[in-house]
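Got two chains here, each in a separate frame; can you build the complex from them with the hints?
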Amino acid sequence: VIDVIVIGSGAGGAPFACELARAGFHVLLLEKGPHYCRGDYLHDELRMRATPEFFVPSPDDDPHVLIDHTSDDPSPRRTADGWIASCVGGGTEHMGGSLYRFHPDDFRLRGRFGDFEAIEDWPYSYAELEPYYARAEMEIGVSGGAVDLPLLGPRSGPYPLPPLRSNPFAATFDHACAKLGLQPFPTPRAMNSVPYDGRPACAYCDFCAGYGCPTGARGSMRETFIARALASGNCELRANVMVSEILVDVHGRAAGCVYYDAQGRQHRVDGHLVAVSCSAVESARLLLLSRSARFADGVGNDHGCVGRNLQFHTGSGGRGCFDPACDSRTGVTDRNPYVVRSLMDHYFLPPGVTAFPKGGLYRFDFERPGPIRLARRVALNGGERLLWGSALEETLRNRWDQERNLDFEVYHDFIPNDRTFVTLDPEVTDKWGLPVARIHVDEPEHHRSAGRWLVEQGLALLEAMGADRVHDLGIGYRNTVMTAGTCRAGGDARSAVLNEYCGVHGVPNLFVLDGSFMPTSGGAPCTLSIVANSLRTADYVIDRARTADLAL
Amino acid sequence: VAGLRLLDTLAHASWQRPFAHLQPSQQDHVLMMVQDTPHVTVQRAFGDLVELTLEVCLSAPVHGGNPSALGWRHIGFTPHALSVSCAPPALCRHVS
Numbered sequence: 001v002i003d004v005i006v007i008g009s010g011a012g013g014a015p016f017a018c019e020l021a022r023a024g025f026h027v028l029l030l031e032k033g034p035h036y037c038r039g040d041y042l043h044d045e046l047r048m049r050a051t052p053e054f055f056v057p058s059p060d061d062d063p064h065v066l067i068d069h070t071s072d073d074p075s076p077r078r079t080a081d082g083w084i085a086s087c088v089g090g091g092t093e094h095m096g097g098s099l100y101r102f103h104p105d106d107f108r109l110r111g112r113f114g115d116f117e118a119i120e121d122w123p124y125s126y127a128e129l130e131p132y133y134a135r136a137e138m139e140i141g142v143s144g145g146a147v148d149l150p151l152l153g154p155r156s157g158p159y160p161l162p163p164l165r166s167n168p169f170a171a172t173f174d175h176a177c178a179k180l181g182l183q184p185f186p187t188p189r190a191m192n193s194v195p196y197d198g199r200p201a202c203a204y205c206d207f208c209a210g211y212g213c214p215t216g217a218r219g220s221m222r223e224t225f226i227a228r229a230l231a232s233g234n235c236e237l238r239a240n241v242m243v244s245e246i247l248v249d250v251h252g253r254a255a256g257c258v259y260y261d262a263q264g265r266q267h268r269v270d271g272h273l274v275a276v277s278c279s280a281v282e283s284a285r286l287l288l289l290s291r292s293a294r295f296a297d298g299v300g301n302d303h304g305c306v307g308r309n310l311q312f313h314t315g316s317g318g319r320g321c322f323d324p325a326c327d328s329r330t331g332v333t334d335r336n337p338y339v340v341r342s343l344m345d346h347y348f349l350p351p352g353v354t355a356f357p358k359g360g361l362y363r364f365d366f367e368r369p370g371p372i373r374l375a376r377r378v379a380l381n382g383g384e385r386l387l388w389g390s391a392l393e394e395t396l397r398n399r400w401d402q403e404r405n406l407d408f409e410v411y412h413d414f415i416p417n418d419r420t421f422v423t424l425d426p427e428v429t430d431k432w433g434l435p436v437a438r439i440h441v442d443e444p445e446h447h448r449s450a451g452r453w454l455v456e457q458g459l460a461l462l463e464a465m466g467a468d469r470v471h472d473l474g475i476g477y478r479n480t481v482m483t484a485g486t487c488r489a490g491g492d493a494r495s496a497v498l499n500e501y502c503g504v505h506g507v508p509n510l511f512v513l514d515g516s517f518m519p520t521s522g523g524a525p526c527t528l529s530i531v532a533n534s535l536r537t538a539d540y541v542i543d544r545a546r547t548a549d550l551a552l
Numbered sequence: 553v554a555g556l557r558l559l560d561t562l563a564h565a566s567w568q569r570p571f572a573h574l575q576p577s578q579q580d581h582v583l584m585m586v587q588d589t590p591h592v593t594v595q596r597a598f599g600d601l602v603e604l605t606l607e608v609c610l611s612a613p614v615h616g617g618n619p620s621a622l623g624w625r626h627i628g629f630t631p632h633a634l635s636v637s638c639a640p641p642a643l644c645r646h647v648s
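Residue numbers (this note's numbering), protein chains in the order written: chain A, 1 to 552; chain B, 553 to 648.
Just chain B, same shape as in the assembly (with noise of 0.2 Å):
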């Protein structure tokens, strides 16, 4: 949480605005400047946001992050069994 705030300092420093409503390029120039801290624990905060990320537009999209499999389609994978992926639990029944 505390990087996450860091985004927003670097952001209102160059634009005065918020992380999230500045333009993609933008973004990716705050980005580039916490990826160029020489500092351990920034490094390694950036190192989880990425993971982290990938690990939203990824998972299942049951879990949200992926609605519709978007994030799948846009990096280009497309299981055999998408229709499969995107099933809801309803057909859940415990014998005991």
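For reference, chain A alone in the conformation it holds in the complex (with noise of 0.2 Å):
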């Protein structure tokens, strides 16, 4: 008999279904998407434009319907906006790997700030979450630095792996930063710096984010958690099977699920738990999806709560070009692509600037183009006759080495509100004739007042270093990579879905792991605040199980 049934395999199922396994349980872990490996991914531009549904499914088969009241036309419309990673291992197994602690102020933005849109507390602390985040760096093989910054929540300890190898470039950018009163720190990033757990140290390769790592340097979840879970002997791991309903018993507790395999046959599962990971846009539209005559409108849904408070990530970025024939700036020409440089001195913002003190993190790093790409954006020649030919390769050939563009990447906070919010849509089904979940999205003024501001700083910084010439790459722009938020989690069941353990109200044996929970989603990517979360969950479930009965 199955103890546990994990929905989802990303960052909120993995680590779940790999301490569950690790304890003794018996776990079923089902994944939507195929099982890749690392001879899957290739360094490749040509497949990722080619098979788009490598990572994401087809708006065709499996689409989400968005309506967008920022845009002139707020009609309904197909879209994969929404969907992250289908596959073992979810977002984790293309992500650009950033993995940041949020700061303690992100847990209590209500208590600190007061109200603005429909922003509330967390459940629970920054020290809670501490020794959880402390685990999740180990487990996945963080690389970074602890610096003691005043801006950086307390560290039990250091990080397991020292900070990747940074361009030479590095030193530039902190000798501006010094003369702004600028604080830099070392991007923490899932990527082994040195030999770590079995798994090679980062090539320093060309691709990164949006690919899949062919050496296993990323420490993505089916690199980590997956794969102790598996070699536990107490984890199944089945891929491409798509979980259609949540099955509740005659007590309303959660007893299974039912699934679809990649033959469309429907297959009925019973276990003593169930939790939920599939996303926050996917996994609360299982919960509405599961309906009994218990649970008229869905598990978890008494009170209307399940795909209110929708989060995505908000983001703004910049660019310096830097002409190393200008003079001699060390670095420039060397090709390590990162500087692994952020800054969280503008993480909360001085007064005047916006309706909302709330700032973000900034990522700096060489841009990465790609050949394909490049030598793209070079032959269209700013709209001037097309380059080909020799004249195509001479201008290439000399690009790589004469001009470098970096980046940063400034991640803000996407503000909770009453108008983003996922329902099921009345029209549209997928492929298997289930609902799709509609999405309606809204943008307070503060994302884009905001980030116009953090661009014009780090602008500032880009030309205090030398740039050539510096302009912007998207101002307060909703990115939607990342979500969060529509089970909120929370004391009072009538405004929050999950209880502070990630349990659904008045469900004591469902549990929803993935961002869902976030009563707000942090100015930093929220990936690493997932996988401790489910750190924290797994805990209090192998615990609660000792004095009861696991399905209590």
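Treat the hints loosely; a few may be bogus.
Label pairs and their calculated CB-CB ranges [what the hints assert, rightly or not]: (1) A/Ser390 with B/Arg596: 17 to 25 Å; (2) A/Arg268 with B/Leu556: 52 to 60 Å; (3) B/Arg596 with A/His471: 26 to 34 Å.
FYI, nobody ran anything at the bench for these hints, they're computed from the structure.
Even for Gly, the Cβ is constructed at its ideal location relative to N, Cα and C.
In structure tokens:
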């Protein structure tokens, strides 16, 4: 008999499956997408373009429906937005892997700054999550430098690996920061700076975010937690299965689930405990799809809270173009793509910038355009006469060594609001005949006003470094590869779907473990926080099972 | 395909030989004639030709258009992990 069914094998599901399996429980891990391995991941721009459904389903047979209130045309349209990755390991298979912790005040934004839109405090503090952050970093193998900065939350120990080797150009960066009174720190990355846990050190290739890692140097869920879960002998992984419903028994407890296999056959599995981790959009959808006599509007949805407060991430960015022919800037021609530098100095905004004093976190690295993308850009020749043949070859050959773009990306908060939420679509169904997720999205003006200011500061820094030209790469745009918020965790069952351990209020053996639980989703990428939270819930469940029935 | 046939037609008109048998400078001449044709469809086809050529020569070696990463080396793109990029997908081991 199966003890624990985990639906979804990404940052939320994999750590939980691993911990429960290692504790001796029989775990069944279900994943909608395929099970890739290192050999499936090529350094290849062509494949990613030719087969866009490699990571994300096609909007033809498995869409989301988007109603975008920020656009001129808010009519429903099919989109792939809101999908992160459908494969074993989820989004961690193609992540850039900048695994930051949240700031302690990310856990209490409302307490610190008061009411704004739909923000709410987390049900627990940074201090409570800290041991799990540390464990997550160790299990994944995060490389970083524990710098003593007041803006970084207190740490119980150093990173398990030293920071990645940075391009010599980082010295120029640090110098400019010092001039401006900024305090850079090494970007924590889920990439091995040295061999770790049987996996090799990073090869510093020019492909990373957006691609699978062919060497295993990046600590994806598949390379870490899932590998360990399978090695325990207590975890069975089934890929290519689409869960269509969570089953509940007559007492209103989770009893198992129904899924379709790759051949479209329906199966039922029973388990003592069910954990859902399909991404914030899809987990909400699965709860809403799971209707029964006891839960007429979907399991966990007695108060209509499932799907509310959806959050994406907000991004802004800028670029500095450095021409090494102008002077002898060390490192611009060094091919190491990583400067490995981040800034948190503008995580909180000075008064007067915007309606809410929350800024964001900067990550600086060289642009890595990939050979095809760079060649196409050079060929297009800025809209002038198309370049080809020997003229193209000549320009291209020089371009690799003569121009380098240092980019920054600011991650800032997507403020939860009443206009951004998930429901079931009344018309569109997927290839299994199930209603798809309908996403309503709206963005407070704060995203753009904060983004504008953040970009100004970033460009000023690039100019202080001596960039020949600077320009922005977007201001307060919506980044849909990180999702959170649709099953808020909190003490009050009338306003929160989950309790403080991410169990569904009123259904003690059903948990939601992806970013859905987050009342606010931070000014940094939320992946590490999802992993840490999943480990925290695993500890709680294992501890509870010592004194009571697993299904309680 | 119609665009590629146009290349042969133009090659025959000037040198009585198919495009593939011309000298590189003659091929450039033909391509220049195509690029200078003031016709939207031809212009678009020419753009596609350039783009597809880049994709063939600069994609992963495993596809065949970039054997031993010659295309990458030719334009000076030498990823640190070149050996990794060329590794065959032989280590594949699916659990389920």
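So, going through the hints one by one against the coordinates:
| no. | hint | verdict |
| --- | --- | --- |
| 1 | A/Ser390 with B/Arg596: 17 to 25 Å | holds, 23 Å |
| 2 | A/Arg268 with B/Leu556: 52 to 60 Å | holds, 55 Å |
| 3 | B/Arg596 with A/His471: 26 to 34 Å | holds, 29 Å |
Consistency with the previously given hints is maintained throughout, with no hint failing.
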